[in-house]
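**Student:** Start from chain A and add chain B according to the hints.
Read off the chains here:
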Amino acid sequence: MYERIITRNEPGCVVFLLDRSDSMKQLWRGGPETMAQGAAAVLNEILLDLVLMAQKEPGRALHYFDIGIFGYGLRPVAGGEGVESAFGGSLQGEALVPLPVLRDHPLAVQNVSSIDPVAPSSRVPVWVQPVHGYRTPMCQAIAVAGSHIYDWAAAHHNSFPPIVINITDGMVTDSPYEGAQLGEWASRLTGIQTSDGPALLLNIFLSPAGENGMLFPASDRGLPEPGPDLFRISSPLPPPMAANAAKAGVYVEPGARALGFNADHPMLAKFLEIGTRVTVGY
Amino acid sequence: MMRWPGRVLTLGNQPSVGWSLLVVAAAVIGGLAAAELRHVPLLVALLVPLAVGGITVYALARWPGQQLVPPGPPLPPVPGPYELRAMSPPVSRAETKDLVQLQPIASPTATDASWWEKADGPPALSSQEVLVVPAPELASYLASALIAQCPNCGAFGLEASRLQAGDGWDFRCESCDFHWPWQPGKPWPPVGIRPGRRKQSGPPAP
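Residue numbers (numbering that gives the first Met the number 0), protein chains in the order written: chain A, 0 to 281; chain B, 0 to 205.
Bound-form chain A, shown alone (with noise of 0.2 Å):
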């Protein structure tokens, strides 16, 4: 299981779930933006790192990974409480976007200034924009994105596995949904398989004060709410990723799950990192 090299013909799948709920206002760890603008930066960060590794020839991306972005919360575009597709501008509304068309439509080209003052300021692709609003319903994101997902496993039953990677600050507050606890949601995205295994999901908490921040837990053992319930969703770290962390200096114990809790700006950008690594071919 998790073997398989990702391929242009045997692509990847990542869906980001990005909690927008009004929680996501609050500074984070005091610095001067909030959560929901720290998330937004690291995932265009982290879509500019898949962008950059599937150039392989100036100006062109290769096909190597689909990409969902799924916001839930605030729906900026159908308004209310719910759950949409976070693309924004052509991409508006789109579920699964392969790599080269994400790379050839951002949002917005961004100025940002170099740390040198010396240095010139570089320009970077914005995908995803911070907004915050209403509560957490992650059941229903994992019921949305999961429809897109299995679909697309069925499309690619010999690639690697759909890798779902929830961002959220908050407990979840859409459970039972349709009838099913969010634990009951977590199984059924994770029952969702390809031939090289079942769907990962990864769970990173962020946290807007305090510390101890934790990667790969290998137990729930002193998390508090709602770190148990976030270490019991989480997909076991598959050995591929267990790698990426040990090249990262993050020390894995067997059994750790795909839970990073308390994070900060760096440790959210480090597990992003890690869960997005897989290897890729030709």
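Since no wrong hints were added, every one of them can be taken at face value.
If you anchor each label on the Cβ, the simulated ranges turn out as follows:
no.	chain 1	residue 1	chain 2	residue 2	range
1	B	W179	A	S186	49 to 59 Å
2	A	G196	B	S160	28 to 38 Å
3	B	R193	A	D103	39 to 49 Å
4	A	R122	B	S160	42 to 52 Å
5	A	P223	B	P186	49 to 59 Å
Read the hints as simulated data drawn from the structure, not as lab findings. Where is the CB? At the ideal position from N, CA and C, for every residue including glycine.
**Tutor:** Just chain B now, with coordinates in the frame of chain A:
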């Protein structure tokens, strides 16, 4: 930048009596002033502005959706659907929120509410289904395409066989019998176009 609804003064289907009188009075005053300047009869100076004013009030009543937005402080945004649109780029990440313009639209994402009730995971493909999967378009091969020519003479007619060790290939030129190894991912050896080295004369085999 966010679109803020301003204070709206409506001249819609039901114009107020005050507005109507104001329009008619303005027309009459204008007519009297014109009569004074151009020496037209007083009756004409009264009747023409009255007619023009009346027609104007009638037209305003029939013209739906006319709005006047006088200057004033903006009101809070109305909750509802928005579209994210790119604006001029800011200079720092902290200004990301200033990138967008929010405009009303509606396009919710629908849920296929029964995917989890299907079998455990997507159905496995049968061997027949695997066989009929269409090949990728030719254009998708361009990034990795390699035009194989003999490095020794430039001919295209080549034979290839697996190397005993490793994952490389052994090539032999059908025209000059030149042999060379090659591994996928490695650069192709430099090609020299030397027809004189071929055993057979004529152009290289296609």
